[in-house]
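Starting from the known structure of chain A, fit chain B onto it as the hints suggest.
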Amino acid sequence: MADVKKHNTPMVDELKGGSWPSFVDDIEQKGLKGKQECLDLLGQLELSYEHKETHWKHGGIVGVFGYGGGVIGRYSDVPEKFPSIAHFHTIRLNQPSSKFYNSDFLRKMCDMWDHRGSGMTNLHGSTGDIVLLGTKTDELEPIFYDCTHQLGADLGGSGSNLRTPSCCVGKARCEYSCLDTQDICNDLTQTYQDELHRPAFPYKFKFKVSGCPNDCVAAIARSDCAIIGTWKDDIRIDQAAVQAYIGGELKPNAGAHSDRDWGPFDIQKEVIDLCPTNCMWMEGKELKIDNRECTRCMHCINVMPAALRPGVETGATILVGAKAPILEGAQLATLAIPFIRMESPYDELKDFVEKVWDWWMEEGKNRERFGELIQRQSIQEFLRRTGLKPIPQMVKEPRSNPYVFWSADEVEGGWERDVKAFRARHAA
Amino acid sequence: MANRITDIGPPHYEQFFPPVIKKNYGKWKSHEIVQPGVIKYTSETGDVCYAVRVGSARLITTDLIREIAEIADKYCEGYCRWTTRNNVEFHVTDEATLRALLDDLKGRKFPGGSYKFPVGGTGASVTNIVHTQGWVHCHTPAIDASGVVKAVMDDLFDYFGSHKLPAQVRIALACCLNMCGAVHCSDIAILGIHRKPPLVEDERITGVCEIPLAVAACPLGAIKPATVEVGGEQKKTVRVNQDRCMFCGNCYTMCPAMPLADGEGDGIAILVGGKISNRVSAPKFSKLVIPYIPNEPPRWPTAVKTVRRILETYAANADKYERLGEWAERIGWERFFEKCDIPFTEKSIDDYRLAYTTYHTTTQFKWSVHTDNL
Chain A
12 MADVKKHNTP
22 MVDELKGGSW
32 PSFVDDIEQK
42 GLKGKQECLD
52 LLGQLELSYE
62 HKETHWKHGG
72 IVGVFGYGGG
82 VIGRYSDVPE
92 KFPSIAHFHT
102 IRLNQPSSKF
112 YNSDFLRKMC
122 DMWDHRGSGM
132 TNLHGSTGDI
142 VLLGTKTDEL
152 EPIFYDCTHQ
162 LGADLGGSGS
172 NLRTPSCCVG
182 KARCEYSCLD
192 TQDICNDLTQ
202 TYQDELHRPA
212 FPYKFKFKVS
222 GCPNDCVAAI
232 ARSDCAIIGT
242 WKDDIRIDQA
252 AVQAYIGGEL
262 KPNAGAHSDR
272 DWGPFDIQKE
282 VIDLCPTNCM
292 WMEGKELKID
302 NRECTRCMHC
312 INVMPAALRP
322 GVETGATILV
332 GAKAPILEGA
342 QLATLAIPFI
352 RMESPYDELK
362 DFVEKVWDWW
372 MEEGKNRERF
382 GELIQRQSIQ
392 EFLRRTGLKP
402 IPQMVKEPRS
412 NPYVFWSADE
422 VEGGWERDVK
432 AFRARHAA
Chain B
101 MANRITDIGP
111 PHYEQFFPPV
121 IKKNYGKWKS
131 HEIVQPGVIK
141 YTSETGDVCY
151 AVRVGSARLI
161 TTDLIREIAE
171 IADKYCEGYC
181 RWTTRNNVEF
191 HVTDEATLRA
201 LLDDLKGRKF
211 PGGSYKFPVG
221 GTGASVTNIV
231 HTQGWVHCHT
241 PAIDASGVVK
251 AVMDDLFDYF
261 GSHKLPAQVR
271 IALACCLNMC
281 GAVHCSDIAI
291 LGIHRKPPLV
301 EDERITGVCE
311 IPLAVAACPL
321 GAIKPATVEV
331 GGEQKKTVRV
341 NQDRCMFCGN
351 CYTMCPAMPL
361 ADGEGDGIAI
371 LVGGKISNRV
381 SAPKFSKLVI
391 PYIPNEPPRW
401 PTAVKTVRRI
411 LETYAANADK
421 YERLGEWAER
431 IGWERFFEKC
441 DIPFTEKSID
451 DYRLAYTTYH
461 TTTQFKWSVH
471 TDNL
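As you go down the protein sequences, you meet chains A and B in turn.
Be aware that the first sequence starts at 12, since it is given in my numbering, and climbs by one per residue.
Be aware that the second sequence starts at 101, since it is given in my numbering, and climbs by one per residue.
Derived from the structure by calculation, the hints contain no laboratory data.
Just so we're clear, the structure is a prediction, and the values are computed from it rather than from any experiment.
For every residue, glycine included, the Cβ atom is placed at its ideal position computed from N, Cα and C.
Warning: the hint list may mix true and false statements.
[As the list claims (entries may be wrong)] Below, a sample of chain B positions facing chain A; criterion: calculated Cβ distance under 8 angstroms: (1) D107; (2) P111; (3) G126; (4) T162; (5) Y179; (6) R181; (7) K250; (8) D254; (9) K264; (10) S377; (11) N378; (12) S381; (13) N417; (14) Y421.
[Claimed, not checked] Lysine-lysine pairs mimicking DSS-like chemistry, simulated, CA-CA at most 25 angstroms apart: (15) B/K206 / A/K27; (16) A/K400 / A/K243; (17) A/K27 / B/K209; (18) A/K376 / A/K361; (19) A/K27 / B/K405; (20) A/K44 / A/K16; (21) A/K68 / B/K296; (22) B/K140 / B/K127.
[What the hints assert, rightly or not] Incomplete in silico selection of chain B near chain A, CB under 8 angstroms: (23) Y125; (24) H131; (25) V134; (26) N186; (27) D244; (28) G247; (29) H263; (30) L277; (31) P383.
Isolated chain A, as found in the complex (with noise of 0.2 angstroms):
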């Protein structure tokens, strides 16, 4: 213990004061009892902090045999410096869905990762996975071994392959899901573990499950394909409830608001008003909504939570291709099906991913999202390549140009004419 060495980390050292947890504290702790690779990563922070670039090199193909994914190669340029992280390999798990644990996996995982890492970790990586940070080439067989014997627990994805799916907190623990999105994150991981770990794709590939439109998970802003929780019959009412909230009983949006004087809950202006489509209103002591006219946008829900719910008739709404800005510029998904039944086995949207994949493997370029083929190549191509029947849901206004690409096929005599028998009507 003894023969640990700390680097002087002025700057790094002053992001220990402040309330907010400090992962230098946290870092400095596990050093000092012995895990000098921890030091030496707050010693290269500081020399980024001096030099204000980083000092990681680029890349390094290293792995577990058979797969061509889960372990990210790091190496330090300065390891002469620091050659305790001159290898800083990144280990990614595959999360169990929704990211519930017991100590007794988070014991094992530490015990092995102080063994054969650094002991530094994220909980959790962007995509999901459980990130363990910093070892070396020699370690990642004996660690993948561990970790499916004694954990249970397999790699997750990177690299162009299907990335490890994730989830919100779906029926564990929230009242609005309207899907059992653990067990869809879980099944499509489980069935798709070939495509997870041995890249065949363009580039990367997300899925992401949440149970209801508020979308705690993001799948609208980042899955190539997001499986949104919806329903298609009324919003459940609770009319004695709904009282509750205009007397005062019940605190709105379920005491989100609890630290400002907003003023007595007002239902008009803060449900019926706010809905976007002026669905609702009151009659006498009721209220009253047009179910048909509804969007599902989850206002009025997760402001009178104890008075509204959705309704009984569930299924998830599917909409594909949203991505970061790298390269096309950024995308937000778009809406591919409107409504799909989604039980076990998951038949029907397995059959539609399976089409997708088809399409964007045989056409797909290196690097190019299945968001930007479509682009590409037009959603007319992915409703042909699908399936999938146009419908007015698919658009936020129809095109605003006439510039059809119309096929051979579609026009009355095909394009095959004769440009003597148009002369013989029309002089030149």
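Quick look at chain B alone, frame taken from chain A:
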């Protein structure tokens, strides 16, 4: 390789459910936030479950995870959960245990004085900042991530543990345009940007890159194959049309011999008004309002001050339930810039693909500081 097993997938989630969660799966009826950071769920069975949400740095050590496991054992029958925004949640079923847990969490601090487990992040609050790796572990970042987040969250700490805002404010940070942090739909986005074109290592490029891939990587076609003389030898390499480079860094991702990081060139852009939820208005992208703030480690004071100013201007002006982007759209973007005291520059006018869809094609605008001297 003996006994090696593969493709087993993740551990099954159900084994990690606390008993009250398992018993009431799909039976939850309603919820109430009894205090910031504590949500009480009520089931059709009559059971209740309190979820206590605490902030965490995303980058945590195994020792901190063991401490979380110890807390879970002491109060929560050994179970806990992480959220999408890197909070940790503890579940209890009675008020006495809840009070004991909250007291315990409050008393746990790091030696430097910061809370290990601050309670908050529910309702109309600033929740934990989703972020990327930054200088701590990434090879392409323009900024640090954990350090900037720590500085911003220290400054906004009070907004994490309270319900003072008009609606929730989601702040996210991505340390480069790859946006592993998906900041493109956040109320306030802190984004690392490069501002200098890539360097080209002529003597190394053919050894570490496939030149056609580097050429194809550029979304604006600014990279062309070239042959140059290095040490009397003809070498295949590339040249960058610097006027066309928009510093996205995709070439570096494909080709390590084209680095673009630069201590003076790199910094922070601030985008605002994005959201993901379908609530009231449709999901929307964050919009670029500040194109560049220099890197200022260790506490990034300009970025911190800017984020606070935007947040507090929004908080003082928006209606109840109104998200930051909804407020900006209601009052108009010219008014947003005026109220937040942000100089409007040409950099906030789009000139990339589909730029035209963002231009004003109406005489319906508002007078603001920008037109007062006309």
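Verification of the hints:
1. Interface restraint check: B/D107 against chain A, minimum CB-CB distance 4 angstroms, threshold 8 angstroms, status holds.
2. Below 8 angstroms, beta-carbon pairs count as interface contacts, and B/P111 has one with chain A at about 5 angstroms; its hint therefore holds.
3. Hint on B/G126 holds. Least Cβ distance to chain A is approximately 4 angstroms, under the 8 angstroms limit.
4. Because the smallest distance between the Cβ of B/T162 and any Cβ of chain A comes to about 4 angstroms, under 8 angstroms, the interface hint for this residue holds.
5. With its C-beta approaching chain A no nearer than about 5 angstroms, B/Y179 sits inside the 8 angstroms limit, and its interface hint holds.
6. Look at B/R181: its Cβ gets to within about 5 angstroms of chain A, closer than 8 angstroms, so that hint holds up.
7. Hint status for B/K250: holds, given a least beta-carbon distance of 5 angstroms to chain A, under 8 angstroms.
8. Using the Cβ-Cβ criterion of 8 angstroms, the hint placing B/D254 at the interface with chain A is satisfied: the shortest such distance is roughly 3 angstroms.
9. Given the 8 angstroms rule on beta carbons, the hint for B/K264 holds: about 5 angstroms separates it from the nearest Cβ of chain A.
10. About 5 angstroms separates the beta-carbon of B/S377 from the nearest beta-carbon of chain A, less than 8 angstroms, and the hint is met.
11. Using the Cβ-Cβ criterion of 8 angstroms, the hint placing B/N378 at the interface with chain A is satisfied: the shortest such distance is roughly 4 angstroms.
12. At a threshold of 8 angstroms, the smallest CB-CB gap from B/S381 to chain A is about 7 angstroms, leaving the interface hint in force.
13. Contact between B/N417 and chain A, as hinted, is not supported at the beta carbon level, the nearest pair being about 13 angstroms apart and thus beyond 8 angstroms.
14. At a threshold of 8 angstroms, the smallest CB-CB gap from B/Y421 to chain A is about 6 angstroms, leaving the interface hint in force.
15. Among the hinted pairs, B/K206 with A/K27 is consistent with the structure: their alpha-carbon atoms are about 17 angstroms apart, no more than 25 angstroms.
16. Restraint check for A/K400 and A/K243: the C-alpha separation of about 19 angstroms stays at or below 25 angstroms, so the hint holds.
17. Distance hint between A/K27 and B/K209 is fulfilled; the C-alpha atoms sit about 11 angstroms from each other, no more than 25 angstroms.
18. Taking the CA atoms of A/K376 and A/K361, the gap is about 23 angstroms. The hint holds against a cut of 25 angstroms.
19. Taking the CA atoms of A/K27 and B/K405, the gap is near 20 angstroms; set against the 25 angstroms cutoff, the hint holds.
20. For the hint linking A/K44 to A/K16, the alpha-carbon distance of about 11 angstroms falls within 25 angstroms, and the restraint holds.
21. Restraint check for A/K68 and B/K296: satisfied, since their Cα atoms lie roughly 19 angstroms apart, inside the 25 angstroms limit.
22. Between B/K140 and B/K127 the CA atoms are separated by roughly 14 angstroms; this keeps the pair inside 25 angstroms, and the hint holds.
23. Taking 8 angstroms as the C-beta cut-off, the interface hint given for B/Y125 holds, the closest approach to chain A being about 5 angstroms.
24. For B/H131, the shortest C-beta to C-beta distance to chain A is roughly 5 angstroms, which falls under 8 angstroms, so the interface hint holds.
25. Evaluation of the B/V134 hint against chain A yields a held restraint, the C-beta minimum of about 7 angstroms falling below 8 angstroms.
26. Given hint, B/N186 at the interface with chain A, holds; its Cβ is 7 angstroms from that chain's nearest Cβ, closer than 8 angstroms.
27. Hint status for B/D244: holds, given a least beta-carbon distance of 7 angstroms to chain A, under 8 angstroms.
28. For B/G247, the suggested interface contact is upheld, since its CB lies about 6 angstroms from the closest CB of chain A, less than 8 angstroms.
29. With a cut of 8 angstroms, the hint placing B/H263 at the interface with chain A holds, because the nearest CB-to-CB distance is about 4 angstroms.
30. Among the interface hints, the one on B/L277 holds; its C-beta lies about 6 angstroms from the nearest C-beta in chain A, closer than the 8 angstroms criterion.
31. About 5 angstroms separates the beta-carbon of B/P383 from the nearest beta-carbon of chain A, less than 8 angstroms, and the hint is met.
Hint compliance for this structure: hint 13 alone is broken.
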